[in-house]
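Peer 1: Spelled out from the first residue to the last, the chains are:
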Amino acid sequence: MNKKITYSLNYRKPKNEYSSDDELTVCVRYYQKLDNGKNKVVKKSTGIKCKLKDWDSDWHKADNRHPIKASDSDYLEKNRILKNKSVDLHSLIKDRNVSKNISPLNSKVPKGPLDLKWSTHKNNVRLVSPANKRNIDIIVVGTGLAGGSACATLAEQGYNVKAFCFQDSSRRAHSIAAQGGINAAKNYQGDGDSVYRLFYDTIKGGDYRSREANVHRLAEVSSSIIDQCVAQGVPFAREYGGLLDNRSFGGVLVSRTFYAKGQTGQQLLLGAYSAMNRQVARGKIQMNTRHEMMDIVIVDGKARGIITRNLITGEIEKHSAHAVVLASGGYGNLFYLSTNAMGSNVSAAWKVHKKGALFANPSFTQIHPTCIPVSGDYQSKLTLMSESLRNDGRIWVPKKIEDAKKIRNGELRPVDLNENDRDYYLERRYPAFGNLVPRDVASRAAKERCDAGYGVNKTGEAVFLDFSSAIIRYGKEKALVKGLDIEDFELVKSLGKGVIKAKYGNLFQMYEKIVDENPYETPMMIYPAVHYTMGGLWVDYNLMTTIPGCYAIGEANFSDHGANRLGASALMQGLADGYFVLPNTINDYLADDIKTGPISSDSPEFNIAKNRIEEKINKIMTNKGSKSVDYFHKILGKIIWNNCGMSRNKKDLNSAIKEIQKLRKEFYKSVKVTGDQFSFNESLAKALRVADFLELGELFAVDALSRNESCGGHFREEYQTKEGEALRNDDDYRFVSAWEYNENIEQSKLHREHLDFESVELKNRSYK
Amino acid sequence: MKLFLKIWRQKNNQAKGKIVDYEIDEISPDMSFLEMMDVLNEKIIEEDGDPVAFDHDCREGICGSCSMFINGEPHGPDKLITTCQLHMRRFKDGDTIYIEPFRAKAFPIIKDLVVDRSAFDRIQQSGGFISINTSGNTLDANTIPIEKEYADKAFDAATCIGCGACVASCKNSSAMLFVSAKVSQFSLLPQGRVEATDRVINMVNQMDEEGFGNCTNTGACHVECPKGISLDYIAKLNREYVKANLKK
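As given, the protein sequences belong to chains E and B, one line each in that order.
Position 51, counted from 1, in the first sequence is what the working numbering calls 51; the numbers after and before it change by one each time, with no gaps.
Position 225, counted from 1, in the second sequence is what the working numbering calls 225; the numbers after and before it change by one each time, with no gaps.
Please note that the accuracy of each hint is not assured.
[Said to hold, decoys possible] Computed list of chain B residues with no C-beta within reach of chain E, every gap over 10 Å:
#, residue
1, 19
2, 39
3, 71
4, 77
5, 244
[Stated by the list, open to error] Only pairs whose alpha carbons sit at most 30 Å apart, straight line, appear in this in silico BS3-like list of lysine-lysine:
#, chain 1, residue 1, chain 2, residue 2
6, B, 148, E, 476
7, B, 2, B, 43
8, E, 627, B, 6
9, B, 79, E, 501
10, B, 153, E, 672
11, B, 92, E, 458
12, B, 6, E, 616
13, E, 497, E, 69
14, E, 619, B, 11
15, E, 503, B, 148
16, E, 458, B, 6
17, B, 11, E, 686
18, E, 595, E, 133
19, B, 236, E, 503
20, B, 6, E, 478
21, B, 43, E, 634
22, E, 501, B, 6
23, E, 478, B, 18
24, E, 493, B, 6
25, E, 458, B, 2
26, B, 148, B, 171
27, E, 476, B, 92
28, B, 11, E, 634
29, E, 186, B, 153
30, E, 122, E, 108
31, B, 148, E, 672
32, E, 503, B, 79
[As the list claims (entries may be wrong)] Across the chosen pairs, the derived CB separations fall in these ranges:
#, chain 1, residue 1, chain 2, residue 2, range
33, E, 548, B, 208, 45 to 51 Å
34, B, 208, E, 189, 45 to 51 Å
35, B, 131, E, 720, 23 to 29 Å
36, B, 246, E, 110, 42 to 48 Å
37, B, 105, E, 677, 26 to 32 Å
38, B, 171, E, 518, 21 to 27 Å
39, E, 110, B, 49, 38 to 44 Å
40, E, 377, B, 49, 50 to 56 Å
By construction, these hints were calculated from the structure, which means they are not laboratory data.
Note that beta-carbon positions come from the ideal geometry of N, C-alpha and C, so glycine has one too.
Working from the sequences, and respecting the hints, build out all of it.
Peer 2: What follows is the structure, given as structure tokens:
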């Protein structure tokens with residue numbers, strides 16, 4: 001073995017001079033045999049003390065490798081800390097790419113007990129007086145839940161906000177399409193929910209790859225979000241008593257999700273939009289719609305503005321401010337087919353990355369289990385069917401492969417298959433959580449069944465989501481309440497359909513319009529699709545990227561969801577960041593800017609950035625190519641989906657990297673954009689976005705390749721248990737991968753943020 | 001399917017527009033209407049032409065971006081859906097389809113099928129909100145019980161996606177259905193009652209200033225509304241407006 005880690009006691013005098021009650025400090029030692037034959041040794045004190053009599057010198061012979069015996073009253077905790085320390089040391093030394101100036105990354109998590117960190121931090125950050133706020137400008141890019149709520153709150157506080165979105169109105173950001181709901185630890189249902197449980201579920205759901213302090217803060221402010229939204233007039237669903245109703249989502253055992261039918265995102269976004277409108281009317285927000293961010297401008301090491309393209313006139317504009325907030329959403333459109341809106345893109349985040357912000361966990365992608373399956377090559381996007389449907393829908397495929405074949409050929413209808421011939425595979429594999437397992441687990445299980453030949457549509461890539469038993473269950477309940485005959489099957493069925501309609505009406509209608517089948521009568525067909533990206537710009541506890549003055553909030557950052565996001569948490573995080581977190585933390589940074597005065601946009605930095613963009617656009621417009629932008633985007637999407645999708649392996653990832661490099665070269669050689677550069681030109685806007693996807697795609701594969709474990713949505717085929725469950729490797733990979741840009745993307749430098757868990761024990765994530 | 005398209009092309013706000021004919025083949029009935037437009041645009045790009053500009057984003061009927069006037073109806077022949085949810089199975093082989101922008105004085109054309117609907121934003125800015133700051137110390141959400149009936153009605157009004165089909169379908173280009181939806185949502189909730197008087201007056205004034213026409217209760221807006229916003233809300237708006245003026 002050419003490297004190993006050992007524990008030892010730090011003797012300061014000969015061993016025989018100690019008594020068994022003496023306390024000594026434990027050290028971790030790391031040995032590595034180098035290629036030149038020499039030994040490299042690193043020794044670190046751990047700060048953990050142990051009495052001689054409690055020390056197990058044969059610790060390396062035991063399975064758990066615990067050096068402190070059970071006779072020590074605190075042995076579990078001490079052994080746990082020691083284990084963490086050794087892992088930290090191990091990965092720190094192993095990585096030769098770690099840059100000395102940035103790493104170890106400073107997450108700036110405040111000291112103190114977990115549940116007091118946020119309140120202590122709020123009390124300690126510097127404030128900016130209202131008079132000074134009037135002289136400070138903040139740019140916010142993106143007006144979805146995170147951006148919209150941040151704009152509104154920052155403007156309320158008195159800052160001058162310059163908001164940008166590429167849509168024709170800030171109300172159309174893609175947060176609007178979120179369906180199912182928003183989590184909050186209100187415990188209105190009295191089912192034992194608490195801030196701690198929401199925190200714990202989110203950490204566990206994220207497969208222990210998120211930052212503990214951020215997640216706890218998220219859980220803490222969740223409850224205020226609901227209060228704020230209700231005060232704003234958001235019409236959440238209510239019970240007959242007039243109080244708010246809740247439902248349940250995947251990966252949890254309580255009902256903590258607030259909702260407004262299947263349009264929760266819309267209602268929350270319209271709430272944030274109305275709060276923004278109030279500030280636009282007061283002149284505190286300058287709203288720039290149909291503007292797309294092209295680059296960030298850094299002056300003297302600080303983010304001081306952005307370059308935008310006016311999507312109507314094609315004009316390249318310079319905008320300055322004291323700080324820049326990115327709320328530009330996720331990059332699921334990398335896959336071409338996703339549930340994201342057509343315009344959702346990575347460009348703003350990628351441009352910031354190229355200017356020095358680290359990009360964290362790019363390959364952590366959420367593949368959502370319940371989407372309408374792909375039907376043909378012309379398809380432009382996929383449609384999600386909310387996870388809330390798994391509250392009442394049961395997922396199944398036929399038990400016998402012959403039946404699956406018959407269903408595919410149209411010889412057998414799903415309703416004709418009796419209960420015994422159906423395989424409710426989620427209920428079978430995960431009895432505790434059943435159909436409500438987290439998204440990554442449900443997606444992989446669907447893929448497993450379809451790969452095994454049990455798929456139920458023409459392409460063999462679909463499973464059933466069946467509401468028939470819920471319809472009967474609700475129908476009987478309703479009949480009882482109304483005093484009607486519960487034996488009358490038709491009556492019960494129609495009452496049940498009514499209940500389902502009231503709960504999910506708009507989703508059923510959406511399904512029917514797309515698929516042309518009635519989901520009240522025959523089960524829905526669903527298949528996993530790309531939905532959300534947990535990865536994003538690396539931010540510290542204050543939500544600031546590694547560029548001073550540049551913040552990232554909402555889906556654009558990486559911090560809260562680890563390797564898998566739980567349902568109804570995206571809306572929670574977007575609004576938490578925008579309403580409650582950023583407006584507190586940004587003051588601390590801006591307190592230095594009270595005497596700066598207005599930032600000029602005429603400095604060389606702005607002009608150079610503007611010229612570069614103009615050159616790039618000219619180059620694309622004058623390219624004598626022959627292939628449309630979509631041609632390249634579709635190929636890129638296929639490469640990513642086939643090689644870096646629901647399951648990944650070394651060979652495929654390596655080939656994806658090469659293929660993307662080739663495709664990128666071809667793009668610049670033969671892309672063709674017609675029309676006028678100085679008018680509304682969607683192909684040009686798309687070309688600029690796809691150019692960035694072609695770079696991100698490579699980093700995405702590089703990141704997936706470097707993580708030799710399976711965790712959450714990142715499933716490496718090489719790392720799985722015998723039952724096919726994800727096999728995490730906490731010893732070597734309990735860190736956030738934060739990548740530093742390099743022109744040769746394959747050579748991007750990896751920085752690691754080690755994740756310490758003080759309040760939760762790292763466990764195998766089991767939903768069985 | 002083979003289709004004959006007649007599409008409104010207009011270079012910019014100043015230029016004169018006209019209907020241009022296109023022929024398109026091999027359209028699958030499972031395609032969405034916008035996917036058919038994508039196929040057309042790919043073809044136009046191949047022939048070095050300027051693709052047809054149209055607004056679209058979420059393609060699942062909720063963002064309210066898409067805004068085509070298809071065969072004389074906003075969002076096409078189907079009811080309760082937006083253009084992006086319209087599928088080609090609704091048409092027959094050999095059909096001729098007219099595609100035009102939403103037309104109204106208050107919605108100036110930007111290019112081809114893209115119109116400027118910022119008038120809607122300005123109406124909302126004039127009063128479509130509840131004046132409450134983000135303090136984190138508002139009342140607990142359950143301290144204000146709201147009768148389910150009113151909560152549901154407020155929700156139904158709030159589902160408006162701001163697409164502008166009501167204006168495009170109205171012979172007077174009136175925005176009453178849009179304005180009534182927001183006014184009603186808030187006036188049905190106790191939180192929104194506090195500012196109800198000013199809100200309705202300001203929003204109606206702004207609507208008039210933007211150049212939207214008057215309401216003559218024709219009801220086309222309700223028929224074409226992809227979210228089925230009810231005419232009852234216009235009645236509610238009128239009631240609120242009269243009440244507010246009496247109070248003032």
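Peer 1: Decide, hint by hint, whether the structure agrees.
Peer 2: To see whether the hints hold, each was checked on the structure:
{"no.": "1", "hint": "19", "in the structure": "19 Å, holds"}
{"no.": "2", "hint": "39", "in the structure": "6 Å, violated"}
{"no.": "3", "hint": "71", "in the structure": "18 Å, holds"}
{"no.": "4", "hint": "77", "in the structure": "13 Å, holds"}
{"no.": "5", "hint": "244", "in the structure": "18 Å, holds"}
{"no.": "6", "hint": "148/B with 476/E", "in the structure": "22 Å, holds"}
{"no.": "7", "hint": "2/B with 43/B", "in the structure": "14 Å, holds"}
{"no.": "8", "hint": "627/E with 6/B", "in the structure": "26 Å, holds"}
{"no.": "9", "hint": "79/B with 501/E", "in the structure": "18 Å, holds"}
{"no.": "10", "hint": "153/B with 672/E", "in the structure": "50 Å, violated"}
{"no.": "11", "hint": "92/B with 458/E", "in the structure": "24 Å, holds"}
{"no.": "12", "hint": "6/B with 616/E", "in the structure": "35 Å, violated"}
{"no.": "13", "hint": "497/E with 69/E", "in the structure": "61 Å, violated"}
{"no.": "14", "hint": "619/E with 11/B", "in the structure": "23 Å, holds"}
{"no.": "15", "hint": "503/E with 148/B", "in the structure": "14 Å, holds"}
{"no.": "16", "hint": "458/E with 6/B", "in the structure": "35 Å, violated"}
{"no.": "17", "hint": "11/B with 686/E", "in the structure": "19 Å, holds"}
{"no.": "18", "hint": "595/E with 133/E", "in the structure": "11 Å, holds"}
{"no.": "19", "hint": "236/B with 503/E", "in the structure": "26 Å, holds"}
{"no.": "20", "hint": "6/B with 478/E", "in the structure": "51 Å, violated"}
{"no.": "21", "hint": "43/B with 634/E", "in the structure": "16 Å, holds"}
{"no.": "22", "hint": "501/E with 6/B", "in the structure": "38 Å, violated"}
{"no.": "23", "hint": "478/E with 18/B", "in the structure": "57 Å, violated"}
{"no.": "24", "hint": "493/E with 6/B", "in the structure": "46 Å, violated"}
{"no.": "25", "hint": "458/E with 2/B", "in the structure": "25 Å, holds"}
{"no.": "26", "hint": "148/B with 171/B", "in the structure": "36 Å, violated"}
{"no.": "27", "hint": "476/E with 92/B", "in the structure": "43 Å, violated"}
{"no.": "28", "hint": "11/B with 634/E", "in the structure": "29 Å, holds"}
{"no.": "29", "hint": "186/E with 153/B", "in the structure": "25 Å, holds"}
{"no.": "30", "hint": "122/E with 108/E", "in the structure": "13 Å, holds"}
{"no.": "31", "hint": "148/B with 672/E", "in the structure": "55 Å, violated"}
{"no.": "32", "hint": "503/E with 79/B", "in the structure": "21 Å, holds"}
{"no.": "33", "hint": "548/E with 208/B: 45 to 51 Å", "in the structure": "48 Å, holds"}
{"no.": "34", "hint": "208/B with 189/E: 45 to 51 Å", "in the structure": "47 Å, holds"}
{"no.": "35", "hint": "131/B with 720/E: 23 to 29 Å", "in the structure": "55 Å, violated"}
{"no.": "36", "hint": "246/B with 110/E: 42 to 48 Å", "in the structure": "56 Å, violated"}
{"no.": "37", "hint": "105/B with 677/E: 26 to 32 Å", "in the structure": "30 Å, holds"}
{"no.": "38", "hint": "171/B with 518/E: 21 to 27 Å", "in the structure": "36 Å, violated"}
{"no.": "39", "hint": "110/E with 49/B: 38 to 44 Å", "in the structure": "59 Å, violated"}
{"no.": "40", "hint": "377/E with 49/B: 50 to 56 Å", "in the structure": "23 Å, violated"}
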